[in-house]
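Protein chains: 2
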Amino acid sequence: MPTLRLALSQVNPSVGDLAGNADLVRSWTRQAADAGAQLVLFPELMLTGYPVEDLVFRRSFVAASRAALERLAADLAADGLGDLPVVVGYLDADGPPQVSGDAEPGRGARNAAALLHRGAVVARYFKHHLPNYGVFDEDRYFVSGDTLTVVRIGGVDVALTICEDLWQAGGPFAAARQAGVGLVVNINGSPYELNKDDIRLPLVRRRAAEAQAAIAYVNMIGGQDELVFEGDSMIVTADGELLARAPQFVEHLLVHDVELPAAATPPATEIVADGMRVAHSTVDGIPPTPSGPAAVGGLIEPVADEAEVWQALVLGLRDYVNKNRFPSVVLGLSGGIDSAVVAALAVDALGPDRVAGVSLPSQHSSEHSREDAADLAKRTGLDYRIEPIQPMVDGFLANLSLSGLAVENLQARVRGVILMALSNQEGHLVLTTGNKSELAVGYSTLYGDSVGGFNPVKDVWKTLIWRLAKWRNADAARRGETAPIPKNSIGKPPSAELSPGQLDSDTLPDYDVLDPILIGYVDGDLGRDGLIESGHDPAVVDKVLRLVDTAEYKRRQSAPGTKISMKAFGRDRRLPITNRWREDG
Amino acid sequence: MPTLRLALSQVNPSVGDLAGNADLVRSWTRQAADAGAQLVLFPELMLTGYPVEDLVFRRSFVAASRAALERLAADLAADGLGDLPVVVGYLDADGPPQVSGDAEPGRGARNAAALLHRGAVVARYFKHHLPNYGVFDEDRYFVSGDTLTVVRIGGVDVALTICEDLWQAGGPFAAARQAGVGLVVNINGSPYELNKDDIRLPLVRRRAAEAQAAIAYVNMIGGQDELVFEGDSMIVTADGELLARAPQFVEHLLVHDVELPAAATPPATEIVADGMRVAHSTVDGIPPTPSGPAAVGGLIEPVADEAEVWQALVLGLRDYVNKNRFPSVVLGLSGGIDSAVVAALAVDALGPDRVAGVSLPSQHSSEHSREDAADLAKRTGLDYRIEPIQPMVDGFLANLSLSGLAVENLQARVRGVILMALSNQEGHLVLTTGNKSELAVGYSTLYGDSVGGFNPVKDVWKTLIWRLAKWRNADAARRGETAPIPKNSIGKPPSAELSPGQLDSDTLPDYDVLDPILIGYVDGDLGRDGLIESGHDPAVVDKVLRLVDTAEYKRRQSAPGTKISMKAFGRDRRLPITNRWREDG
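Those sequence lines, one after another, are chains S and U. Take 1 as the starting number for the first sequence in the numbering used here and just add one per residue. Take 1 as the starting number for the second sequence in the numbering used here and just add one per residue.
Calculated directly from the structure, the hints in this document are not laboratory data. These numbers were taken from a predicted model, which means no experiment stands behind them. Backbone N, C-alpha and C define an ideal beta-carbon position, used for all residues, glycine too. Any given hint could be a false lead.
Said to hold, decoys possible - Per label pair, the in silico range of CB-to-CB distance:
{"hint": "1", "chain 1": "S", "residue 1": "585", "chain 2": "U", "residue 2": "281", "range": "31 to 37 Å"}
{"hint": "2", "chain 1": "S", "residue 1": "272", "chain 2": "U", "residue 2": "516", "range": "48 to 54 Å"}
{"hint": "3", "chain 1": "U", "residue 1": "203", "chain 2": "S", "residue 2": "272", "range": "33 to 39 Å"}
{"hint": "4", "chain 1": "S", "residue 1": "133", "chain 2": "U", "residue 2": "271", "range": "30 to 36 Å"}
{"hint": "5", "chain 1": "U", "residue 1": "516", "chain 2": "S", "residue 2": "501", "range": "56 to 62 Å"}
{"hint": "6", "chain 1": "U", "residue 1": "95", "chain 2": "S", "residue 2": "250", "range": "43 to 49 Å"}
{"hint": "7", "chain 1": "U", "residue 1": "493", "chain 2": "S", "residue 2": "394", "range": "35 to 41 Å"}
{"hint": "8", "chain 1": "S", "residue 1": "470", "chain 2": "U", "residue 2": "385", "range": "49 to 55 Å"}
{"hint": "9", "chain 1": "S", "residue 1": "199", "chain 2": "U", "residue 2": "168", "range": "34 to 40 Å"}
Please model the entire structure based on the sequences and the hints provided.
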């Protein structure tokens, strides 16, 4: 059996940066060549970044993607890398490459993969299965391809597939089996979700069995607005053996020698399998089989959920800040657990010099809140300052007749105005710190604590916030470093501190009661009856459901933030604001 | 040829209000019966309201829709209306009606129509063509139906279809032709877009020719978050003659006698046409042909664009406020054109007693601004007050070191805090007044003038704002009423008045230059080259495109507002915030 040295390039592209992404391909192909690779793979929509959303409808953007692909092929050859076949994702469309005028925008856009060799695009593949659920809207953007592309490389028949082609049965993988290929390449822009890595490997194994072929799965890493891509690239044999697996959340070149079946000679004449045509081509003159020891990519061990989520949140935040070219971030430090966790994430993502923390005490702020905020600042080394809000709150109270909730919210809004003023004056991005539980029930002040450009913990339930804090401190201890989060911030009862002696538990059920109900209702789409059947108190269920249903408007006004679940508020979960349906009638 | 008296019920359902919507069906069916109708038609998803978005995934909601349909059939019979066949849209799903437990949520949901007669559901139809563009996400929510439902009513074969079935060629209308039906019913939840009524009639005529059958097109009216449904129900003969047409934006019962071809006896045996199965059934015992004069529905004349948009904005605002049960609205009155138009819309929608206007002058507010705001209040009769912001602005300036843009934005944010405090204290919904042009280029203060729960002019370009103001004043004059909008607010050069002598034209091109570029870029998805080919100055184009591309984040934080175009910011136009693509390189 022939052996191919595969290089899976788990890189971090930026949406819209065609030149920068092409440069990434060139430099990682150089590294792969230096490692003796005979076939290099890059992720889905590598050249444009993923997802490009309505940029697909801009004909100038589609034309730029196609032009960048041709230029990349030429540049790789000019770099002396022409012999090395490179698979790269890009945006294509039906029709001539430089259309202008009256063609309907977005008509026939394709989520495409190309094989580049010796300065030319020698094969193209158009994604067949288009996902249209959760964060995916690909039925809106792309036309489905109906041809499986098989390229003979080093005597092995290699099929090209893209992302969702792996997640749905039938289509390309079934066609690959009938075409008798030895390897299926699957290039991905697959966003992170808690526990998704646990189902990915079994899925790859099932498809390998279905295709009776090895699978090389390569995924991008990096943050893109609310999405974070996790990597987790891998190679699995036709028998389901995991040969190599890359780490999550970091760029990585996974190089591994894979024994693959020699292709039948000559290529099968045109066949139609599972509704797909199969198009064959051959690449001649790839780099020779390297001498010396076999390349071994290694196998990464899975990490604890808390470690995984922490890495996802750090990467999502870092890339949002850096790809949008913000110099630094600012956030309010209340002494509570949410702002402490966000501050620790920000310091891990950007370093303490790029994080400003502001204590914004009012007359209701307790002594321990001020102390805990100061302690956090000392532990993390972030830039710390104190701006008491009472004089400004009093200015409003002297001019307006306000009472009750209006006074509570006023304090949060004065804090918001101060943070935004610091953002305008000093250039920081404001970080929002509300967790998913309070976002779900609307326990926040619109244009108050909900102010900000990015919320790293938007998709993190409150009980998970506590677990993350404990894990991060324990991890610091394990490494002999200072624990970033004050023990007191973890241990004390949560409070908004907007009125005397106020506690979250005055208004909300305890979080260990609240979160399971929210998880059933939001993540599980359970109705009232289903929640009560699961053992929850009917009165508490009714109260929680009413809060969630009426908080929709506030959620629409909240900052984007890193998504880690199937039902993050925002892109995934679309509910009418105007809606008379209530589970409790 | 038999004659059928059709009643098209152009009503205003509320999302989620299953009981209230069923009551609407009962009372309008009573009116139709009183008018001698022999077949009554209600809009798409009448029972649930439209669109229900992710409520589709709640099994309890699907079950409630099915139960409400059965109950409605029984209630109509109990009302003595059982003989009168009623077509009504509802949400259905495959599988047993009361599933609970482990079935995947949302599996097999159907956008359905039912024919109710003598206390029972006698026929069902599942929408075939599912729209998945613009505001529509139906591929995400529904499974496509593959059976055309034909019911013999009063000796006429009537096919049931839903909305998009009309907009795409082939499928149900082609099948209806092969089945030889006399009438195609098309029930709609078709949102308003400027000029859509101009393409709807030709489209209905084309499909009537395709089906060789008359078409009864019924559409809902009403506001649902950003959408506004316009009605415009109509009946067109197989020859393309427009028999009757209902007005836009008001509830209306369109009753008309239509001569239709007698069905062949017996019904054709099962056929398959254009990939669809045809299912036949027969309804016996409908109300007799009425004696007396023929019912004539009448033909509504089209109105001017400005009148149409004004009605759309009024209805969208009124329903957002009333369906969400807000007692009143509050907005800041600057003396400028945007807030004047929004105030006039609000008074038209809710009456002057439910509209509070607040003048919020600063040291940069001109004398004419204060006077124009007071004049507007007098003209419209809204509740007017003045809250000078300078003392509160000075409070922040005394405590923070701010300059330049930070000071400008501070003023807008103090105004936002005051409006939100009044909202909390007095229960008003805050109206936002930023137009689409300033939203496009980011010429607003995040958490300042962008604060608010609803923005009636979110989708209205600045040049259209002026046209609307002039039209509304002229319309008042025509009716001998006071013009609501001060002439001075229309005539003066726009200014944010956040720094001394500031004008919009210091920062932006004149709006009659800016708007055509924005319309080409946003509505037309033209790129830089396309815009320059259209005759725009390249330097201005580059400046505008850069502003639009970098304002995405502010737009994500803006209030919902009535949509009147194909490319409203919000649901329709999805662009990455993190994005390095720039048309000007």
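Cross-check of the supplied hints:
Against the hinted window of 31 to 37 Å, the Cβ-Cβ separation of residue 585/S and residue 281/U comes to about 34 Å, which satisfies the hint. Hint check: residue 272/S to residue 516/U, Cβ distance near 50 Å, so the stated range 48 to 54 Å holds. In this structure the supplied range 33 to 39 Å holds for residue 203/U paired with residue 272/S, their Cβ-Cβ distance being about 37 Å. Checking the proposed 30 to 36 Å range against residue 133/S and residue 271/U shows it holds: the Cβ atoms sit about 34 Å from each other.
Between residue 516/U and residue 501/S the CB atoms are about 59 Å apart, so this pair conforms to the stated range of 56 to 62 Å. At about 45 Å, the beta-carbon gap between residue 95/U and residue 250/S stays in the expected band of 43 to 49 Å. In this structure the hint that residue 493/U and residue 394/S lie 35 to 41 Å apart at CB holds, the actual value being about 38 Å. Judged by the Cβ atoms, the range 49 to 55 Å given for residue 470/S and residue 385/U holds: they are separated by roughly 51 Å.
Look at residue 199/S against residue 168/U: about 36 Å separates their beta carbons, and that is inside 34 to 40 Å.
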